[in-house]
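K.L.:
Letter by letter, the chains look like this.
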Amino acid sequence: MGDWKTVTVPVLSSDSKNIFQYTSEKKISPPNMNSQVLRLPLPSSKSMHSFFSAFCTEENIEQSISYLNRELTTLGFPSIYAESKGKELNLISIINCMNELLVLQHKNLRAQEEEQLELSKREIVGLQERDRQLQSKNRNLHQLLKNEKDEVQKLQNIISSRATQYNHDMKRKEREYNKLKERLHQLVMNKKDKKIAMEVLNYVGRADGKRGAWRTDKTEARNEEQMYKVLLNDYEQRQKQLLLENAELKKVLQQMKKEIISLLPPQKQKPKERSEDGPVLSDLEEDIGELNKENMWELSCETVREQLTNSIRKQWRMLKNHVEKLDNQVSRVHSGTLNDKDVISREDHELETEKLELEIQQCKEMIKTQQQLLQQQLMSPCDDDTTLLLQDCYLLEERERLQEEWRLFQEQKKNFEKERRSFTEAAIRLGLERKAFEEDRGAWLKQQFLSMSTDYKQSENVTTPSAFIGTSDQDNRVVNSMSQQKKPHCMLSGPISAESCQTSQYISHNSFNAALKKPAGDSKPNQWEESDKEETE
Amino acid sequence: MDFSELFKLSGLLGRFSPDGKCLASCVQYRLIIRDVNTLQILQLYTCLDQIQYIEWSSDSLFILCAMYKRGIVQVWSLEQPDWHCKIDEGSAGLVASCWSPDGRHILNTTEFHLRITVWSLCTKSVSYIKYPKACQQGIAFTKDGRYMAVAERRDCKDFVSLFVCSNWQLLRHFDTETQDLFGIEWAPNGCVLAVWDTCLEYKILLYSLDGRLLSTYQAYEWSLGIKSIAWSPSSQFLAIGSYDEKVRILNHVTWKKITEFEHPATVTNTKTIVYKEVEKSPSVETERFSFPPTRALASSVFSTQSKYDISQVPVSFQYIKPVADRANPKMGIGMLAFSPDNCFLATKNDNIPNAVWIWDIQKLKLFVVLEQLCAIQSFQWDPRQPRLAVCTGNSKVYLWSPAGCVSVQVPTEGDFQIVSLCWHPSGDSMALLSKDNFCVCYLEREELCRQIFP
Chain A
1 MGDWKTVTVP VLSSDSKNIF QYTSEKKISP PNMNSQVLRL PLPSSKSMHS FFSAFCTEEN
61 IEQSISYLNR ELTTLGFPSI YAESKGKELN LISIINCMNE LLVLQHKNLR AQEEEQLELS
121 KREIVGLQER DRQLQSKNRN LHQLLKNEKD EVQKLQNIIS SRATQYNHDM KRKEREYNKL
181 KERLHQLVMN KKDKKIAMEV LNYVGRADGK RGAWRTDKTE ARNEEQMYKV LLNDYEQRQK
241 QLLLENAELK KVLQQMKKEI ISLLPPQKQK PKERSEDGPV LSDLEEDIGE LNKENMWELS
301 CETVREQLTN SIRKQWRMLK NHVEKLDNQV SRVHSGTLND KDVISREDHE LETEKLELEI
361 QQCKEMIKTQ QQLLQQQLMS PCDDDTTLLL QDCYLLEERE RLQEEWRLFQ EQKKNFEKER
421 RSFTEAAIRL GLERKAFEED RGAWLKQQFL SMSTDYKQSE NVTTPSAFIG TSDQDNRVVN
481 SMSQQKKPHC MLSGPISAES CQTSQYISHN SFNAALKKPA GDSKPNQWEE SDKEETE
Chain B
1 MDFSELFKLS GLLGRFSPDG KCLASCVQYR LIIRDVNTLQ ILQLYTCLDQ IQYIEWSSDS
61 LFILCAMYKR GIVQVWSLEQ PDWHCKIDEG SAGLVASCWS PDGRHILNTT EFHLRITVWS
121 LCTKSVSYIK YPKACQQGIA FTKDGRYMAV AERRDCKDFV SLFVCSNWQL LRHFDTETQD
181 LFGIEWAPNG CVLAVWDTCL EYKILLYSLD GRLLSTYQAY EWSLGIKSIA WSPSSQFLAI
241 GSYDEKVRIL NHVTWKKITE FEHPATVTNT KTIVYKEVEK SPSVETERFS FPPTRALASS
301 VFSTQSKYDI SQVPVSFQYI KPVADRANPK MGIGMLAFSP DNCFLATKND NIPNAVWIWD
361 IQKLKLFVVL EQLCAIQSFQ WDPRQPRLAV CTGNSKVYLW SPAGCVSVQV PTEGDFQIVS
421 LCWHPSGDSM ALLSKDNFCV CYLEREELCR QIFP
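Same order as they appear, the protein sequences are chains A and B. Numbering-wise (the working numbering), the first sequence opens with residue 1 and increments by one. Numbering-wise (the working numbering), the second sequence opens with residue 1 and increments by one.
With the rest of the complex left out, here is chain A (with noise of 0.2 Å):
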């Protein structure tokens, strides 16, 4: 089989790649063969599938058989086919030889497990030796302990007995050096060595004074008398230190007692309890009546002292136990408080954030209709709905601007109103002045006219200057009005008067004009007249 063609198989998967590797080694190394060929993980279901389906598809079956052939014929199983160069398959050699592959397959298995088999086996000898080392060295430690324990023991027995040795050993020393000594005082004592003497100038007085006194059995007694003397001071003070302490713990139990009682819910209690209480409660108060009249006298039997310890215990042990009780109550009630208060707080929560999201939707949502409204009106083409809807849009914007220009126009009138308020004001003020005016011209013309008809006789030439007279009387009407502006600007009476003063010039201006233009050449009676007329008016 030395020609290999390449089959033209669609490569699907890299399992079907495998198979030619294998294959194409096969030539290479063939006592292999099997264990490379079938240490292929068996494919799984899928990978099966496509497997089958890579390798042999409706267009290749041709070209499949005869390389499946050329495979079981290499591998020494009879041809698939009925005859060697035909295309009938023989039926029968095709299902032997898959019987024989599955043989094989099954052999190989079988091979596999016996492996494994043999190394979990090899495993479990080599953990069973380990343990049995592990085991052998605990006992080698035990060993050593106990040595170690028993080498102390005798260490300490050996210090023991040497020391017993050793204190033998020195009273013996000691016993010797005492001899030693007693000959060397015997010698010094002996030699009455005279230097062994105090000089002294002259003797001291005792410090405190006294004379020495001779040692006698009285002395004797006294200084007996005198150390229990100190000893007995000494126990009474610390006895009265101990009652001052002994009487404020007993105080500090007794308020204790009180405010145990006191803490103590006797509706709590049971029946059970209610009949142990009973009597301890009736000998509690036995005792508080006891202990009080005992305090009263400050006395302190053991008996005494014992109930009331007692008693307090009791009391302690009662109070424990209720307040365990209250705790594991407080913390049932707390873990379930909790746990509720965090169930409702969480739906609560998960409640108001659903709501939030679906009015956050329902915004969102509203926003893309309005936005794709907006668009269609821009852009899509108008229908009769959309028609109405754009005039009702044209008619909301004239009416908008209607509405502005209405706006504007109340303004508008507002203002007007307000200039009409001021210009009448003004004409009230005009008229008002205009009288006033009146008035000063009319005495003004009757002194002029008085002072006229003095002068009058005087000079006939009066005519033309009258003319001149009139705008000289203008200008004096002039000056005179200065001087009035004047005057008010004196008596500071403000712009008012100012311009009435303007007002009265310009009347009189006009006036005049007036009186001018009307007679270019008519005499001055005619002025006058005319001025009378005005006057008169």
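Treat the hints as calculated values from the structure; they're not laboratory data. Hints may be right or wrong, so weigh each one.
Below, in silico cross-link-like pairs of lysine-lysine (BS3-like), each with a Cα-Cα straight-line distance of 25 Å or less [claimed, not checked]:
1) A:K258 <-> A:K314
2) B:K86 <-> B:K124
3) B:K69 <-> A:K181
4) B:K8 <-> B:K69
5) A:K171 <-> B:K363
6) B:K330 <-> A:K250
7) A:K171 <-> A:K181
8) A:K181 <-> B:K257
9) B:K143 <-> B:K69
10) A:K229 <-> A:K218
11) B:K246 <-> B:K276
12) B:K280 <-> B:K246
13) A:K179 <-> B:K130
14) A:K325 <-> A:K257
15) A:K171 <-> B:K130
16) A:K121 <-> A:K107
17) B:K246 <-> B:K321
18) A:K240 <-> B:K435
19) A:K181 <-> B:K130
20) B:K157 <-> A:K179
21) B:K86 <-> B:K69
22) B:K271 <-> A:K240
23) B:K330 <-> B:K435
24) B:K363 <-> B:K246
25) A:K250 <-> B:K256
26) A:K240 <-> A:K251
27) A:K173 <-> B:K157
28) B:K246 <-> B:K365
29) A:K173 <-> B:K130
30) B:K124 <-> A:K218
31) B:K276 <-> B:K365
32) B:K307 <-> B:K321
33) B:K363 <-> B:K321
34) B:K143 <-> A:K229
35) B:K246 <-> A:K240
36) B:K257 <-> B:K307
37) A:K435 <-> A:K446
Starting from the known structure of chain A, arrange chain B on it as the hints suggest.
P.N.:
The following block gives chain B in isolation, referenced to the frame of chain A:
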């Protein structure tokens, strides 16, 4: 804080008089009496040999100087400088000498502890006490000076004799259940005598004034036992420091242990304050104490300032494990002292030589630890208030009070290694002693409340 100048000293013999007026110091064979406030020399006495021990009498009128080599005790009077007294023990030798509480008798312990001779300055009488015990604290006087307890040993057994100091009458004589009595100490109320055993056996016995055994306490067996003990000023507590680095406190009512104070190498309790001495970089800046400026300048150049920092708990200390094959190992609680107001207990664990541990007795807890740069040489409580002075062998003195602690550099020109210190009875000043010199430090009352660590 004012410091005097340095004066010569030998043998660490600097003592204030009990009435607080004078300060006695020795230089070789000379005894110099100075006025406390001015440090002017009031008296100068010359003895026959190098003085090994001096002690004031209780009324401050006399002072004894003991010369052990020559076996001579010389007594000087302050009222009458011409008065002299010499006690020669001759061939008997002299090992120890002390005053009796009335200030008129001198108790000399002869060599080999053969006997104790009681010399009287008032009369010609001499008394002998035989078989005194050769131990550290063999003689103990009650605080009121009425009774004296003497430890004795006869026939390999320990005894205690109680004497009445007024006439030296033997009041009680009883044996003690100790292997080898190491020391005796009266309670401040004078009613209980504590007797403890050698360090090979942890045992302390408490006897009443009339000789009855009140109680025995034994914490453990076999290991090294008691190293030091201290009574509280109110006689309420008895603190026992042992070689296992613990202090056990017994109460006076039941004589049972009420608590144990441990001294571990690491302090972990967050409520404990640990003051650690750190060196400040030397600077010639203004100091907060009223020194004359010249001295300050001089000192600051040659010495390094130090200050206290508060270390954050947990703190580890330098722990020394002593060599196991030597006797009297440097381990365990070597120093114990109660404060005069009964509120604090200062201890030193010899395994941690740089630290002073201050315990609050009201709460029975560790309050403060002072960690120094050098090993603690000695500490003393102020006789009037809870103020502790510590010296570590350098030229600084350290003060601790509940308000805080401060490190003060003694302004000296040369080397001044403070090895010991002693307070003035009023608590206003203290003498700082080194091998060759001493100086007096005057404290102001306001110093109490100042916390000085920048």
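K.L.:
If a hint holds in the structure, say so; if it doesn't, say that too.
P.N.:
Hints, one by one, checked against the model:
Annotation: proposed proximity of K258 of chain A to K314 of chain A holds, straight-line Cα distance about 13 Å (limit 25 Å). Among the hinted pairs, K86 of chain B with K124 of chain B is consistent with the structure: their alpha-carbon atoms are about 13 Å apart, no more than 25 Å. Distance check on the hinted pair: K69 of chain B and K181 of chain A sit about 20 Å apart at the alpha-carbon level, within 25 Å; holds. With a CA separation close to 22 Å, the supplied pair K8 of chain B and K69 of chain B stays within the 25 Å bound.
At most 25 Å may separate the alpha-carbon atoms for a hinted pair to count; K171 of chain A and K363 of chain B exceed this at roughly 45 Å. Using a Cα cut-off of 25 Å, the hinted pair K330 of chain B and K250 of chain A is violated, with the two alpha carbons roughly 49 Å apart. A threshold of 25 Å between alpha carbons decides the hint, and for K171 of chain A with K181 of chain A the separation of about 15 Å falls inside it, so the pair holds. As the CA atoms of K181 of chain A and K257 of chain B are separated by approximately 40 Å, the hinted pair breaks the 25 Å bound.
The suggested pairing of K143 of chain B with K69 of chain B is violated, with an alpha-carbon distance near 31 Å, which exceeds 25 Å. With a C-alpha separation of about 16 Å, the suggested pairing of K229 of chain A with K218 of chain A holds against the 25 Å cut-off. Simply put, K246 of chain B and K276 of chain B have alpha-carbon atoms about 22 Å apart, close enough for the 25 Å limit, and the pair holds. A hinted pair counts as satisfied when its Cα atoms are at most 25 Å apart, and K280 of chain B with K246 of chain B does not qualify at roughly 34 Å.
About 14 Å separates the Cα atoms of K179 of chain A and K130 of chain B, which keeps this hinted pair within 25 Å; it holds. Annotation: proposed proximity of K325 of chain A to K257 of chain A holds, straight-line Cα distance about 20 Å (limit 25 Å). As the CA atoms of K171 of chain A and K130 of chain B are separated by approximately 19 Å, the hinted pair is consistent with the 25 Å bound. Between K121 of chain A and K107 of chain A the CA atoms are separated by roughly 21 Å; this keeps the pair inside 25 Å, and the hint holds.
For the proposed pair K246 of chain B and K321 of chain B, the alpha carbon gap of about 15 Å is at most 25 Å, so the pair holds. With a C-alpha separation of about 50 Å, the suggested pairing of K240 of chain A with K435 of chain B is violated against the 25 Å cut-off. Proposed proximity of K181 of chain A and K130 of chain B is supported: the alpha carbons are some 11 Å apart, at most 25 Å. Pair hint K157 of chain B plus K179 of chain A holds up; C-alpha atoms about 15 Å apart against a cutoff of 25 Å.
Using a Cα cut-off of 25 Å, the hinted pair K86 of chain B and K69 of chain B holds, with the two alpha carbons roughly 15 Å apart. Taken as a hint, the K271 of chain B and K240 of chain A pair is broken in the structure, with Cα atoms around 36 Å apart against an allowance of 25 Å. For the given pair, K330 of chain B sits about 22 Å from K435 of chain B by alpha-carbon distance, which is consistent with the 25 Å threshold. The hinted pair formed by K363 of chain B and K246 of chain B meets the criterion: a straight-line CA distance of about 17 Å does not exceed 25 Å.
Restraint check: the Cα-Cα separation between K250 of chain A and K256 of chain B comes to about 24 Å, which is no more than 25 Å; the hinted pair holds. Proposed proximity of K240 of chain A and K251 of chain A is supported: the alpha carbons are some 17 Å apart, at most 25 Å. The suggested pairing of K173 of chain A with K157 of chain B holds, with an alpha-carbon distance near 13 Å, which does not exceed 25 Å. With a C-alpha separation of about 13 Å, the suggested pair K246 of chain B and K365 of chain B falls inside the 25 Å cut-off, and the hint holds.
Between K173 of chain A and K130 of chain B, the direct Cα distance comes to roughly 20 Å. Compliance with the 25 Å bound is thereby established for this hinted pair. The suggested pairing of K124 of chain B with K218 of chain A holds, with an alpha-carbon distance near 22 Å, which does not exceed 25 Å. Distance restraint check for K276 of chain B and K365 of chain B: the Cα-Cα separation of roughly 19 Å lies within the 25 Å cut-off, and the hinted pair is therefore satisfied. For the hint linking K307 of chain B to K321 of chain B, the alpha-carbon distance of about 28 Å lies beyond 25 Å, and the restraint is violated.
Between K363 of chain B and K321 of chain B the alpha-carbon distance is near 30 Å, which puts this suggested pair outside the 25 Å criterion. The straight-line distance between the Cα atoms of K143 of chain B and K229 of chain A is roughly 16 Å, inside the 25 Å bound, and the hint therefore holds. The suggested pairing of K246 of chain B with K240 of chain A is violated, with an alpha-carbon distance near 33 Å, which exceeds 25 Å. Proximity of K257 of chain B to K307 of chain B is assessed by CA-CA distance (about 38 Å); at most 25 Å being required, the pair is judged violated.
Distance hint between K435 of chain A and K446 of chain A is fulfilled; the C-alpha atoms sit about 16 Å from each other, no more than 25 Å.
Figure legend: structure checked against the earlier numbered hints; hints not met, in rising order: 5, 6, 8, 9, 12, 18, 22, 32, 33, 35 and 36.
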